Amino acid sequence: MIKSPAMSESKKNFVEGVRSEIPLLIGVFPFGMIYGALALNAGLSNLASQMMSSIVFAGSAQFITAQLVHDAAPGLVVVLTIAVVNLRHMLYSASLAPYLKDLSIRWKFLLSYLLTDEAYAPSILHFEKEGLATHKHWFLLGAGFSLWFTWQVSTAIGIFLGAAIPESWSLDFALPLTFIAMVVPVLKRMPMVAAALSAGIVALLAYPLPFKLGLILAALVGIAVGTFLESHQTAEVKK
Amino acid sequence: MNIWLIMLAGGLITFGMRFSLIYLFGKFEISETLRRALHYVPPAVLSAIIFPELLIRNGTLDISLGNTRLLAGLVAILTAWFSRSTLLTILVGMAALFLMQWL
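Protein chains in written order, with my numbering: chain A, 1 to 239; chain B, 1001 to 1103.
No lab work stands behind these hints, which were simulated from the structure alone.
What you are looking at is a predicted structure, and each value in this text was computed from that prediction instead of being measured.
One or more of the hints may lead you astray.
In the BS3-like style, the derived pairs of lysine-lysine whose C-alpha atoms are separated by at most 25 Å in a straight line are [to be verified]: (1) K1027(B) x K101(A); (2) K188(A) x K129(A); (3) K11(A) x K101(A); (4) K1027(B) x K12(A); (5) K188(A) x K11(A); (6) K11(A) x K108(A).
Turn these sequences into a full structure, and let the hints steer you where they fit.
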């Protein structure tokens, strides 16, 4: 193979992307294992649990899907919840767009598929530093692909181990515990706490609603309360 | 709906969101309000799942010392607050539930 400068430049960016992802992979690995075990425990088949990691490929949405399938929520509500939970990816998409604008549609497809929280974080830092240099999209490919690979492998190990856990262990409780571990650390500011509490209380009040619609209603109320309080606080500061 | 349909629809929507603004660069902008609202999605959705999981047993609200999931959940909340560790929160929460179910 002829080693052109352009190729070694792409390779260098790819390797840098992988390297920057390593610290994140250490945290992602156990998370993927937990997902695999819990999805299986929630009643998904081995194949479905594994395939969700490549079809949906979004950690928190996958945990929530497992929980909702376990609770026998209607499909439409599950899909709607996935949509709401993953809305934040539009922010990542918007923020990376200027750096990827000159790429072919194939590249845009591939990089969009790999665009997770964990691939976004190191890539945007790299892009902001490097500016509009030509081969930098290889960095995102390196970060995104190494995360994708780790997520598939850790899911498989989780499914394998999860199959060995007896049902009497009430492993289904690990799902809400995972959600607690995700929520509690972000409750630093008052609007966040208010969003969480109001959503929780509405979810209890609206629990008797059919089709798990209470969940969607509660989420919307929580989001509205948090957004309103933050706008209000910002307005106060401006006065 | 079939689990495969759910995954397919969920996957397409997720991909669509990741692709949307990379594709529409310069033609569409996210408003400040939507940007702000997005920060509140995780706590709102997750709390809307957590509260009923801990507080509703057999279809009714159960705020009592007999509700082991509520007590174990509170132990997990404290663990998450002080440790900020996902793994530790799950382990301590599960251990608390085991202990209380045995006692």
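The hints, checked one at a time:
no.	hint	verdict
1	K1027(B) x K101(A)	12 Å, holds
2	K188(A) x K129(A)	29 Å, violated
3	K11(A) x K101(A)	21 Å, holds
4	K1027(B) x K12(A)	33 Å, violated
5	K188(A) x K11(A)	41 Å, violated
6	K11(A) x K108(A)	19 Å, holds
The structure shown violates the earlier hints numbered 2, 4, 5.
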